[in-house]
Amino acid sequence: MIDIRAVTKVYGVGEATVHALRGVDLTILPGEYVAVVGASGSGKSTLMNVLGCLDVPTSGRYLLEGLDVAGMDEHALALVRNRRIGFVFQSFNLIPRTTALANVELPMAYAKVPRRERRERAMAALELVGMANRSHHAPQQLSGGQQQRVAIARSLVMAPSLILADEPTGNLDSASTGEVLAVLDALQRAGRTIVVITHEEHVVRHAQRQVLLRDGRILADEAVFAA
Amino acid sequence: MTISEILRSALHGLSANRLRSALTILGILIGVGAVILLVAVGNGSSVAVQKRLENLGTNTLTVSSNGGGLFRAGGGSSQTTAQSLTLAIAQALASKDSAPDVASVSPVQSTSATIAYGTTSESVTVTGTVPSYLASGNWTVSSGRAFTTSEVNAHRRVALLGATTASDLFATASPVGKTASLGGVRFTVIGVLGKKDSNGPEDSNSVVIAPLSTVRDALAGYGALSSITVQAASKDVVTAAQNEVTTILDQALGVTDSTQATYRVMNASQLLATVTSTSQTFTVLLGAVAAISLLVGGIGVTNIMLVSVTERTREIGIRKALGAQRATILAQFLAEATILSLIGGALGVAAGVVGANFTIYGTKPVVVPASILLAFGVSAAIGLFFGSMPANRAARLLPVEALRYQ
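Residue numbers (this note's numbering), protein chains in the order written: chain A, 39 to 265; chain B, -18 to 387.
None of these hints come from the bench; they were simulated from the model.
C-beta: ideal position from N, C-alpha, C; glycine also.
Computed from the model, here is a short list of chain A residues facing chain B with C-beta under 8 Å:
(1) D93
(2) E112
(3) L117
(4) N120
(5) L144
Can you build the whole structure from these sequences, using the hints too?
What follows is the structure in structure tokens.
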């Protein structure tokens, strides 16, 4: 599924050079639920950007479903993000003043899915996260937990190979956190591959495996035992 | 995304900031409206001047003596007499042999006199001439009849009144057949002239036209003629006729050096050409000023789109993360800019056309259809041109950096 080898990422030049990733090897199998943990500055956000094809690694190889992503141009990367990766962000990142339904339809609009099919799939995805009855609400009319569930619906509507969640519960109260984690658990049971980046212990407990990053390197990669 | 979706998304983006969009549209509206209206004003004044000159008759030449003293301060009186325009010269100009392109020659003796009827009186310009003058000066007779050549030869005391003079003296009654006193001499009114547009501050319709012989007898005396109106056979031979007239006059008046000529020939179509080119310059100048305001409006579009791109950096980042291509983002922002400027352009065209219905500083604007197309086309181009910079900036944003933007 995901196979990265000796990936490095360097920002800046000269004395201001920052080595965000210093050679990361990671393999994630289909259907796995992996938590990437680490202190701030450990490189986990950079890893997330590289995994999500939002950023290209300075060196190393990245195979996503056997596809070499590292050498791709902007156009091809946009296609990969559209078809193979679903994003869930800490700050939800729904398009403002746009209904939940239109937000969920957006990736399909970019993929040129016919309008009718788009509507059906978007409604199905909202149904899955329990937000079908709020489909015509704008983000500002929804609570944080509800927004995040719409964002999850948006991330899975293109049936991506990978769902990448960056601190998905970071801005949520405990009740909403519970709802969102339950949705992710359900997705995992349905066979989705999920990578969640977090620093919260109770989020990690939902995953099967945790990868600990420090100073741009993987410090530990171990199974998580459910409590 | 289909084109209709891009347009809908652009309208959605614009409606999020209604006031800002409206003000930007206003900038374009003013620019386009100004171009259309100011060009219409320039064109209107040029049309008005052309109309006035055409009233003079575009195939006529007016020969007048070169002001006794105005240009030739030292000119003696004997010389002036010798070189002034006479009936004999007028007859020479009418010669079919030496002036084949001349259709008619009308000697003119004008003076001013007081016309009185009953208790009303007013001062008018009295033009003594021959019947052909009416045709060459584009005069029509609205009631009654014109005088004839035999009446000129018989020194009949008959007169034609201008429209203003007729209504001033006779109000609504018909003046035809009435007897009025002109400079103390009794004339019979035989007709009223059709109304003519004025050639300037003076009222062209405050005139009396009478036979040349009668005017000389009763009012002006037998001095030099005021001018000679020459009508060319057609519009195309005006220049040829002018050359013939000049040759005959040079001979008759003994002029050897054309810079020393004691007469001048005014060619209405030459004057028309000069005035037309002057007013075209005027129109271009007005259009240029208006174009600057259109440019300023266009810069307004750039400005607002830059603000919009900056404000929506994060949104652009989200869209890119969801798989939007660079071209899609570019199209969305270009569509927004173009919609702004097209709406502004359409409203500006409406404002310009409506505004052109009002008389501005005494000028009735005449809309130039090409200016509408041009202004509207330019406003669309402005959307594309001035929108492309901000749209490009949006499209080039890296998803990582756009998402990081707060």
